[in-house]
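Enquirer: Hey, can you work out the whole structure from these sequences and the hints?
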Amino acid sequence: MDISFNNVTYKENIGTPLELTHLKNFSCKINSGEITTFLGDSLSGIKVIGNLINAIDFPYIGTIKIGKFQNDGKKIKNVNTLRMNVGHVKKNPNDMLFNKTVRGELSFGLTYFKYKLNKKDIRCTEALKLVGLTEDYLDRKINSLSLTEKKKIALASILIFNPKVIILEEPTIGVSSKEKEELKKLIKLLKEKYKKTVIILTKDTDFAYAVAEKVHILYKGTLVSSGTRDLMNDETLLNTYGLKAPEIVKFISLAQKKNINLSYTNNILDLIKEVYRNAK
Amino acid sequence: MQSNKYFGSFYPVESSIHKLNPIMKFICLFLFIIPMIGSMSLKLHIVILFFIFMLIYSSNVPLKFYLDMLYGLRYIYIIILFSLASKGLSLEEALVILIKFTSIIEYLALIFYTTSPSELKYGIEKTLSPFNLFNFNLGKVSNTIVSIIRFFPLLFTTEYNVLKSASERGLDYFHSDIIARINVLISSFKNTLRLTLEKIKKESFASELRMYKITKFRTNLRTNPIGFLDLLITAVHIVFIASYVIEVGII
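Protein chains in written order, with my numbering: chain A, 77 to 356; chain B, 3 to 253.
Possibly wrong hints are sitting among the right ones.
As the list claims (entries may be wrong) - Counterexamples of contact, computed for chain A against chain B with all Cβ distances above 10 Å:
1. SER108
2. ILE132
3. ASP171
4. THR201
5. ASN238
6. ILE249
7. GLU258
8. ASP306
9. ASP310
10. ASN315
11. LYS326
12. ILE336
Unchecked claim - Among chain B residues calculated to face chain A with C-beta under 10 Å, some are:
13. VAL241
14. ALA244
15. SER245
Rather than coming from a laboratory, the hints here were simulated on the basis of the structure. Note that the Cβ used here is the ideal one computed from N, Cα and C, for glycine as well.
Expert: Listed below in structure tokens is the structure:
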């Protein structure tokens, strides 16, 4: 499912003193089956991309094409078909979870999309396993969960209805380094085994460097740079737009400045091997 | 595109009304209630309504926020009109009652849009402070009043989040017709209410953590000092009361 933004401008609180422009003449294309990352700070406008793709919000100007659907401010027929194909995991799980129990939360999508209703319990358990939780969680109350557990439940509540596109908004906030590694593995699994399109909206450049194939950098609502992951090898570019260079890139750049020839890689083990070879 | 136009929510902009002292705002509110309850003079009510709209204009909160609120209450206006007609009231009396209703709604909206929750709590507590003589637990009273006021904006914000989440998972609100929307609202209301009550409870805990002891008097909040505009607005309110007193013939 290809997605394209065509000259999209998105504003909030229009005509009031609190008017805020999130996106300005924003155009870009997201290819099916790729891991695409949108990088930017909190005022860059990346946070509205998920809602625009999912047709929860409407653009002020421009259109967003999501497969055969088009979000241009008009009502979309069969919007549930679009929503079933696009799963959006929000930054704050508390904005997503509204049912009393984990079971209710997970099966909500299945009930209303009328998807595999006869296999509700099996799918709930499978979704929980996919995010690293056990089926004991099914009858737990959402209130009793920690933020990380809520984040996992939010992700499971999307994965359960098997969307083609998965949007992850700031997936690494409040997550431990071990859980970050698990998330990286899960994203790679979703792409390689299940052929999903994954869109990551984040400012965590370390995480993005490890998983992204395509990178778009936004600054104050404008797309300033697009390319492959190699774009993130440019420390100056990232710093200009308020982003921190990935630690691995910083290390390689430092080595290169000291005439140690290391090539850019996003795998720490490959880097260690190369350092070892150079030392020899 | 969510906006802050929900009754009881604070609208954070710079204005002369935002800079008024919260205690004086509440004293003015009490003074405002007197002619609203007692007077039946059409002229006085028109002047009061004009004065409120002048304050609204100075508040820098978009006028459409106030007008949207009246639009939201359109069915209540129709009900009031019918009940007044059935009682056989004259046109002037009916007009006075409608202006009274509008003035009260807009005056309250003005206070809530221009006073932050902590100032609101402080203002209510300090204004009610004479009742300390009777050993009332004013902290608890003002906390409850603010919780009630905060309930509606929180309910709307929570409802909006629930609707967005539910829409993303098959229970669409934003692309539906009116009947489907009513159905969605009914199905989501139980969860919205539960979440709102939880949030109110959390806010109450949070204010206690910030040294808001409901069993004791509160430490002073550093807020806007009383200025010339506070005194001027209070004086205008006193003029309204004086006009009412002359109207009923006390003087």
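Enquirer: So, for every hint listed, does it hold in this structure?
Expert: Quick rundown of the hints versus the structure:
Interface exclusion of SER108 of chain A from chain B stands, the closest Cβ pair being 20 Å apart, more than 10 Å. For ILE132 of chain A, the shortest C-beta to C-beta distance to chain B comes to about 5 Å, within the 10 Å cut-off, and the non-interface label is violated. Consistency note on ASP171 of chain A: stated as away from chain B, yet its beta-carbon is not over 10 Å from all of that chain's, at 5 Å minimum. Here THR201 of chain A stays apart from chain B, with its beta-carbon at least about 19 Å from theirs, past the 10 Å limit.
Annotated as non-interface, ASN238 of chain A keeps its C-beta farther than 10 Å from every C-beta of chain B; the closest such distance is 13 Å. For ILE249 of chain A, the condition that its CB be more than 10 Å from all CB atoms of chain B holds, with the nearest at approximately 18 Å. GLU258 of chain A, annotated as away from the interface, keeps every beta carbon of chain B farther than 10 Å; the closest lies near 24 Å. Every CB of chain B is more than 10 Å from the CB of ASP306 of chain A (nearest about 34 Å), matching its label as outside the interface.
Look at ASP310 of chain A: its CB is around 35 Å from the nearest CB on chain B, clear of 10 Å, so calling it non-interface holds up. For ASN315 of chain A, the condition that its CB be more than 10 Å from all CB atoms of chain B holds, with the nearest at approximately 32 Å. Every C-beta of chain B lies more than 10 Å from that of LYS326 of chain A, the closest at about 37 Å, which supports listing it as non-interface. Non-interface status of ILE336 of chain A relative to chain B is upheld: no Cβ of that chain comes within 10 Å, the nearest being about 49 Å off.
The restraint placing VAL241 of chain B at the interface with chain A is violated, with a minimum CB-CB distance near 31 Å, outside the 10 Å limit. A least Cβ separation of about 36 Å between ALA244 of chain B and chain A goes past the 10 Å threshold, and the interface hint is therefore violated. Interface hint status for SER245 of chain B: violated, as the beta-carbon distance to the closest one in chain A is roughly 34 Å, over 10 Å.
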